[in-house]
Amino acid sequence: EDQVTQSPEALRLQEGESSSLNCSYTVSGLRGLFWYRQDPGKGPEFLFTLYSAGEEKEKERLKATLTKKESFLHITAPKPEDSATYLCAVHSGNTGKLIFGQGTTLQVKP
Amino acid sequence: EPEVTQTPSHQVTQMGQEVILRCVPISNHLYFYWYRQILGQKVEFLVSFYNNEISEKSEIFDDQFSVERPDGSNFTLKIRSTKLEDSAMYFCAKARASDEQFFGPGTRLTVL
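So the sequences go chain by chain: Z and X. Sequential numbering from 35 applies to the first sequence in my numbering. Sequential numbering from 1246 applies to the second sequence in my numbering.
If we strip away everything but chain X, and leave its shape as in the complex, we get (with noise of 0.2 Å):
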C-alpha cells in the first residue's frame, strides 16, 4: 500500500493556464513537502508546510505557487500562471519529524 497518493499521474496543460497537483498522504504525519524534478535534473525543495502553514519555500516557489490543505487529508500545489519552465516531476513528501521523508509516485506536468 503508498505511503502517499498523488493525482493526476499526468496533466498536460497550456502555457498560462491553471492547474492544481493533489496529494494524499494516508495515514497522519505533520510534515509535508513539495519538490519537483526537471527531467534529467536533480530533485529539487519547493516548499515545506507544517501544522498548516508554510514553514519554508525555495527561491523556486514564488508568487505564482500555492500551497493548501483544504480539508485536512488532501494536500494541494496550485500554479496559476504555468510557464514552459514549470513543465517536470512534481513530488509530494510527508514525515513525522526530521526523519526519513516518504514520497508519492509523482504528478508529469506538461506545459505546452
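Just chain Z, same shape as in the assembly (with noise of 0.2 Å):
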C-alpha cells in the first residue's frame, strides 16, 4: 500500500535559523512526489514536483530534493511569513491521485 510519512509533525524555529522537513515515502513505482503549502482554513498551494532520485528544485527559501525513499524539504533563513503547514504527497496508481502525508507545521517566530 502506498504511504506517505513525514517529520516532524510540528517545528519552531526563530527567523532566520534554517532546517529541513522530511518526507518518507513507500509507493510501487514513483511517477512523482509533489510538495504543497496549506495555510490555515485553505486550499492546498503547489510548491514542487519532484519526479527521480538525485532531482532538486528551487523556490525563494525553500528547496526540495529527492532520494529512491524520502525527500526533504530545506527552509534557508525563514521568515515569518513562511509559517504554514508543509503537505508532502505521492502520484498513486494509474489516475494520478494523490496520498498525502499529514504534514508539517511551521512555525517561524520574528
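No wet-lab data here; the hints were simulated from the structure. Computed from a prediction, not measured in an experiment: that's the story for all the values here. By construction, the Cβ of each residue, glycine as well, lies at the ideal position given by its N, Cα and C atoms. Treat the hints with care, as some may be off.
[As the list claims (entries may be wrong)] Selected chain Z positions facing chain X (in silico; Cβ < 8 Å):
1) Gly-66
2) Gly-77
3) Leu-121
4) Gly-127
5) Gly-130
6) Lys-131
7) Lys-143
[To be verified] Mimicking PhoX-like on lysine-lysine, the simulated pairs with C-alpha atoms at most 25 Å apart in a straight line are:
8) Z:Lys-113 to Z:Lys-143
9) Z:Lys-103 to Z:Lys-91
10) Z:Lys-113 to Z:Lys-91
11) X:Lys-1302 to X:Lys-1287
12) Z:Lys-76 to X:Lys-1323
13) Z:Lys-97 to Z:Lys-76
14) Z:Lys-143 to Z:Lys-97
15) X:Lys-1287 to Z:Lys-103
16) Z:Lys-113 to Z:Lys-93
17) Z:Lys-91 to Z:Lys-102
18) X:Lys-1302 to X:Lys-1323
19) Z:Lys-113 to X:Lys-1323
20) X:Lys-1302 to X:Lys-1328
21) Z:Lys-93 to Z:Lys-103
22) Z:Lys-76 to X:Lys-1302
23) X:Lys-1287 to Z:Lys-97
24) X:Lys-1287 to Z:Lys-102
25) Z:Lys-113 to X:Lys-1328
26) Z:Lys-143 to Z:Lys-76
27) Z:Lys-93 to Z:Lys-76
28) Z:Lys-143 to Z:Lys-93
Grab the two chains, each in its own frame, and use the hints to assemble them into the complex.
Put into C-alpha cells, the structure is as follows:
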C-alpha cells in the first residue's frame, strides 16, 4: 500500500534559523512527489514536483530534494511569512490520485 | 487569479440533508479530483474524473456520493444524505495530466 510519512509533525524556528522537513514514502513506481503549502482554512498551494532520485528544485528560501526513499524540504533563513503546514504527496495508481502525508506545521518566530 | 474556485465557502446542513458542492476550473484541464480533509487530519482522496467519467474512487466515496460535470465547466460533488462524519473541508483539484494538481480554496461542510 502506498504511504507517505512526514516528520516532524511540528517545527518551531527562529527567524533566520535554517532547517529541513522530511517526507518518507513507499510507492510502487514513483511517478511524482509533490510539495504543497497549506495555510489555515485554505487549499493546498503547489510548490514543487520531483520525479527522480537526485532531482532538486528551488523557490526563494525553499529547496526540495529527492532520494529513492525520501524527500527533504530545506528552508533557508526562514521568515515569519513562511509559517504554514507543508504537505508532501505522491502519485498513486494510474489515475493521478495523490496520497498525502499528515504534514509538518512550521512556525517561524520573529 | 485563482486556478480553481469553489462555492459555497461554508455550508451548514442538517444530518440527512443533501448538499451540492461546486467547483469551477478557470482554464481547460482534463483531470479533476475531489479530496476532503477532516479537521486535524490528512488530505484524503475521494474521486478522480477524466473525460466526463469517474476514473477512480476511494472507499470513502460510497453510494451517498456522486460527481457530475453538468455543463462542461462546473464540476459538482453531491452528498445525498449527509452524516455527522461528513463534516470536513472539501477540495476540488485539476490537472492537465499526471502532473501537479491545483487545488481550490475549499468548501467547509458542517453537518449538525
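Where does the structure disagree with the numbered hints, that is, which hint numbers, in rising order? 7, 19, 25
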